[in-house]
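Following the hints, position chain B with the ligands against chain A.
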Amino acid sequence: MTDTALEIAPGTLPETVLVTDAGFSRDDWSGPETRTATLAPDDRAGELSDRLCGLELIRVRFPAFADGRGFTLARDLRRMGYRGRLRAVGHVLADQYAMARRAGFDEVEIDADLAARQPENQWRARANWQAHDYQARLRGRSSGAPA
Amino acid sequence: MYRYTDFDKAFLATRNAQFRAQVERRLKGHLTEDEFKPLRLMNGVYLQLHAYMLRVAIPYGTLNADQMRQLAYLAERWDKGYGHFTTRQNIQYNWPKLPDIPDMLDALGEVGLHAIQTSGNTIRNTTADPFAGAAADEIADPRPLAELIRQWSTDHPEFQFLGRKFKIAITGSADDRAVTAAHDIGLRIVEKNGEQGLQVLIGGGLGRTPMIGQVLRDFLPRADLLPYLEAVLATYNQLGRRDNKYKARIKITVHEHGIESIRAMVEGRFAQIRPDFTGADQALLRAIEAQFAPPAFRGGNTEAHDAAYGADPVFRSWADTNLAPHRRADHAIVSISLKAHGATPGDASADQMRSMADLAERYGYDELRISHEQNVILPHVHKSDLPALHAALKAQGLATANIGLISDIIACPGMDYCALATARSIPIAQEIATRFDELKLEHDIGPMKIKISGCINACGHHHVGHIGILGLDRAGVENYQITLGGDGGPDATLGSRTGPGFPADEIVPAIERLMLAYLDLRQGPGETFLATYRRLGADPFKSALYDSARTKAA
Ligand code: HEM
Ligand code: SF4
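Going down the list, the sequences are from chains A and B. At position 12 of the first sequence (counting the first as 1) the number is 12 in this note's numbering, and the numbers step up by one without a gap. At position 341 of the second sequence (counting the first as 1) the number is 341 in this note's numbering, and the numbers step up by one without a gap.
If we strip away everything but chain A, and leave its shape as in the complex, we get (with noise of 0.2 Å):
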């Protein structure tokens, strides 16, 4: 699986899309890049620890959607006590959305071309990720999203 977005520093191109519960938009970010960290596959949370109060904003790179680390680390990264935007960048499907959302991000960064193929309506339709979801019932919480 090749994915050339990531190539590319998230953020400096108007090639993508910001994708939330409320749809597509704009990366509104424009905070400084030393309040934000990237974190690849194979990094760990750890790694960020000693910085953690000081970040508004972790990326967390998708290469390919089938490696699916990228979600222990949201996870990590949330039970560290992270508060601040955590962002999915990369190869996320539509399909990934809820699991995303479910294991601690807020947002996922695309591409335009995938934007383009699955386009907001296929996003929108896993907006509600917080229904049906086993974990939050087994935590005894009303929604999936770590606290």
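Since the hints were derived computationally from the structure, they do not count as laboratory data. Since the model is a prediction, treat every value here as computed from it, not as a measurement. Careful: at least some of the hints might be erroneous.
Computed spacing ranges between beta-carbons, pair by pair [said to hold, decoys possible]:
(1) 14(B) <-> 81(A): 30 to 38 Å
(2) 191(B) <-> 40(A): 40 to 48 Å
(3) 119(A) <-> 6(B): 29 to 37 Å
(4) 140(A) <-> 98(B): 35 to 43 Å
(5) 38(A) <-> 27(B): 33 to 41 Å
(6) 81(A) <-> 296(B): 47 to 55 Å
(7) 38(A) <-> 261(B): 45 to 53 Å
(8) 131(A) <-> 320(B): 51 to 59 Å
(9) 275(B) <-> 42(A): 38 to 46 Å
(10) 314(B) <-> 140(A): 53 to 61 Å
(11) 13(B) <-> 38(A): 32 to 40 Å
(12) 260(B) <-> 25(A): 42 to 50 Å
Here are a few chain A residues that face chain B, going by a calculated C-beta distance under 8 Å [claimed, not checked]:
(13) 53
(14) 122
(15) 124
(16) 138
Derived list of chain A stretches under chain B, where covered just means 3 residues or more per stretch with a C-beta under 8 Å from a C-beta of chain B [claimed, not checked]:
(17) 84-98
(18) 128-135
We treat Cβ as the ideally placed atom computed from N, Cα and C, and that holds for glycine.
Frame of chain A, contents of chain B with the ligands only:
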């Protein structure tokens, strides 16, 4: 037996609607073939040699009569009139068309069945002892915990895109009938100081690198199960190799990092995850347990059984092989063999499924089980009903008296259905069964597990067969390798290879020589093949296999 809650029903309906949309989006090009593949796999749809295959989960092997009838309906409506029970408590339909599959899933949903996570790099259907809740030797029924695991693993957001498939099995009895040691995680209910807990095994698996699971935690309190499983899975998700499909299973992760280091990582994570679980899971577990309360067993004497046992040798032979001790002395566990001599192991026709459903309703408190040995089980039958049940089974061709014997063979689909196969396995099973039926040696030989796989992926569990047969491709010719001494029970052991393999037309005579040698070498009818093998080692069996072949060749 577990009945779906409103939550389960709504979840499943939504999930099926999602898959229906995914099929449409694939057909319209919104999803590429690569992107669609894991999505169809996590919904049980597999691409086989000739067609798509749908693998339906039979959670912890338990079905009621209506569910069995629905399986029959699917076989008739969308397949060729039969289904194939697998070694992991699933049923496979080998000929559905992709556009029909969403309808099949909806039909399954009507009776609380699904195909979720029966394929793909996800946590698969959790398997359990097929005698659960009925066996005389049980510490506790493992199915409530298996159902809890089903709910936890279903659509778990963190573990839908693992490095490789992940299989969990659970047993509540010391006589491990769920082959827990050959699973990524094996769970065994144990008792310590009057408290029930779980022994957790990790890293077992067959396939091209067979390994027996190692103990990760000797005693895990029941209430810690989900956070502990989550710690193991998260550790594996991060650590497991993704560079090489053949090194991606957790058994390789454990092998490469060592059990001590894995244990340290898992325990560290467990400490972090444990506080996430504040008791809601235990409240759900109690509700689940209430649903698994045993049926209201009826009393009454067993005279009808005792009389038939004394008078009818056909009934007696069936009763001797196909019954297992029930927790109540006046009941029995009945195994229905899907291994009639010459039939395809594990196949059942729609008619047979319906008859079994009817019999379960009539004599078996509406319960059926599927065993990993590919047979169907009626877990609770009052002994006085056994003669009538036997007569009804006989009329349907379902009274083969061979459970645990040489013709009760596990065989994977092999070259007849599987795209990965290097050799046929079903026909070899059929020939062995037919041959020993002709020789009338089956009952003399006694307990014997032959397991056949059509390639090194080992879906037929050949490594843990007393005799394992592995079909390979040697320069375009099928060649069958034999392993001896494997055992899938509590002291799981991998079989050892005897030497060079045999071509298709020599494998049955080779097995025959092995059996004749065993009958010769054993200390008496009480000494099983496995015991004789353990006492004498491989040498006398190797000479039975190879010396005579050499003589013949000379
Ligand atoms: C205003 C209301 C809604 C609209 C306009 C809407 C529209 C859509 C559209 C356009 C699609 C995508 C079809 C495609 O694949 O091209 C879709 C899919 C879907 N919708 Fe909705 N929807 C609505 C409400 C809901 C609700 C309330 C639910 C569930 C409770 C729901 C569940 C789904 C599901 C499960 C899919 C399939 C998703 C997939 O796997 O791709 N929708 N919807
Ligand atoms: S063992 Fe090989 S041939 Fe048999 S079902 Fe598995 S992959 Fe196919």
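Consistency of the hints with the structure:
Between residue 14(B) and residue 81(A) the Cβ separation comes to about 32 Å, which falls inside the hinted range of 30 to 38 Å. One distance hint, 40 to 48 Å for the beta-carbon pair residue 191(B) and residue 40(A), holds here, with the actual separation near 46 Å. The given range of 29 to 37 Å is respected by residue 119(A) and residue 6(B), whose C-beta atoms sit roughly 33 Å from each other. Checked against the hint of 35 to 43 Å, the C-beta distance between residue 140(A) and residue 98(B) comes to roughly 39 Å, which is consistent with it.
A hinted range of 33 to 41 Å for the beta carbons of residue 38(A) and residue 27(B) is consistent with their spacing of about 36 Å. About 52 Å separates the C-beta atoms of residue 81(A) and residue 296(B), a value consistent with the hinted range of 47 to 55 Å. Range check, residue 38(A) to residue 261(B): about 28 Å between beta-carbon atoms, so the 45 to 53 Å window is missed. Between residue 131(A) and residue 320(B), the C-beta spacing of about 54 Å keeps the proposed range 51 to 59 Å intact.
Checked against the given bound of 38 to 46 Å, the beta carbons of residue 275(B) and residue 42(A), roughly 27 Å apart, lie outside it. Under the hint 53 to 61 Å, the C-beta atoms of residue 314(B) and residue 140(A), about 56 Å apart, fit the expected range. At roughly 39 Å, the beta carbons of residue 13(B) and residue 38(A) sit within the given window of 32 to 40 Å. One distance hint, 42 to 50 Å for the beta-carbon pair residue 260(B) and residue 25(A), holds here, with the actual separation near 49 Å.
Contact between residue 53(A) and chain B, as hinted, is not supported at the beta carbon level, the nearest pair being about 19 Å apart and thus beyond 8 Å. A hinted interface residue such as residue 122(A) counts as satisfied when its beta carbon comes closer than 8 Å to some beta carbon of chain B; here the least separation is about 6 Å, so the hint holds. Among the interface hints, the one on residue 124(A) is violated; its C-beta lies about 12 Å from the nearest C-beta in chain B, farther than the 8 Å criterion. For the restraint placing residue 138(A) at the interface with chain B, the shortest Cβ-Cβ distance is roughly 4 Å, inside the 8 Å limit, so the hint holds.
With a threshold of 8 Å between beta carbons, the proposed coverage of the stretch 84-98 of chain A by chain B holds, since 4 of its residues qualify and at least three are required. Only residues whose beta carbon comes within less than 8 Å of a beta carbon in chain B count, and the stretch 128-135 of chain A has 5; three or more means the coverage holds.
The structure fails hints 7, 9, 13, 15 (numbered hints given earlier, in ascending order).
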